[in-house]
Amino acid sequence: MNSPQPRIGVLRFPGACDDRDALWALAALDAEAVFVWHTETELPELDAIVLPGGFSYGDYLRCGAIARFAPAMEAVAAFAAQGGLVLGICNGFQILCEAGLLPGVLRRNDSLSFVCRDVLLVVERSDTPFTSRCAEGERLTIPVKHGEGCWFADDALYDELEARRQIVLRYKEPVNGSRNDVAGVVNERGNVMGLMPHPEHAVDPLLGSADGALILSSLVEAARERTLAGV
Amino acid sequence: MRATVLVRPKHGILDPQGQAVESSLRQLGFAVGEARVGRVVDLEVESNDLAGARAEVERMCEQLLANPLIESYEIELAETPGE
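Sequence lines, in order, name chains A and B.
The first sequence begins at 0 in numbering that gives the first Met the number 0 and counts up one residue at a time.
The second sequence begins at 0 in numbering that gives the first Met the number 0 and counts up one residue at a time.
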């Protein structure tokens, strides 16, 4: 029996640099991956969309602050509002926060240094479309490479997120000053996730770790289920 | 009308840039207390009505110039010279 290939878009902004890696990784995990240009006002037929890493619009003003106004972002917001699956990686996470699709904000690392290395993550939830192939408490090795990955939420917001279990990934050790070592969060509905580490750079043991494939293949599976359900 | 928007890290928010500036100033021998680093945005606003211009710049701050989660802002307005 042939299971259908889910169609997953990779949104390309000027200044993106991980778009090709994301496309390659999704294709390697048996998705039909297609690029979507930032000027598009409507998305093609998609089962999910990924906002890749990079430095959209040169990170002017604040990281993600300008990309949020790209025409395609309105379409992404509408897609998310209909329950569509959206994954933001690194700069994609920053953009989703600035767009108000995810809670909190990403700030300059507390060290002021760019961090580029493998980090150890702890999976807090395995009941999301982005982590279904992981086990709760599982440790993943995935690289980060960012200067502005220090996630922040004030006390009231943080407590709400904890209560609603919206923290999905944490760093095992402090990496960038992120509040309570948060590395990835999901929206209240559970269909939009952002994370600073780069799963698309860790899908083959040759690259040092294949743990990123657990996250991306969770997304591919969830997207496939939607194709089958005709959503 | 000319608007100057001062965007600052909110009180109580860790400001690593400010800390780096502070420690550099100390190394130069200056006796400084807490340094905080923000940003300045200078704008020309079409409106010549003070209250209208302020309301418009406030909307700009809320929607783009500042992130209210982490930044506070202050607006200064002045007549454009020659008007």
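Heads up, some of the hints might be wrong.
Some, not all, of what chain B presents toward chain A, calculated at C-beta under 8 Å [claimed, not checked]:
no.	residue
1	P15
2	A19
3	S23
4	L27
5	M59
6	L63
7	I69
8	S71
Think of the hints as simulated: they come from the structure by calculation, not from any bench.
Glycine is no exception: its CB is placed at the ideal position from the N, C-alpha and C atoms.
Taking each numbered hint in turn, which are not upheld by the structure, reported in ascending numerical order? 3, 4, 5 and 8
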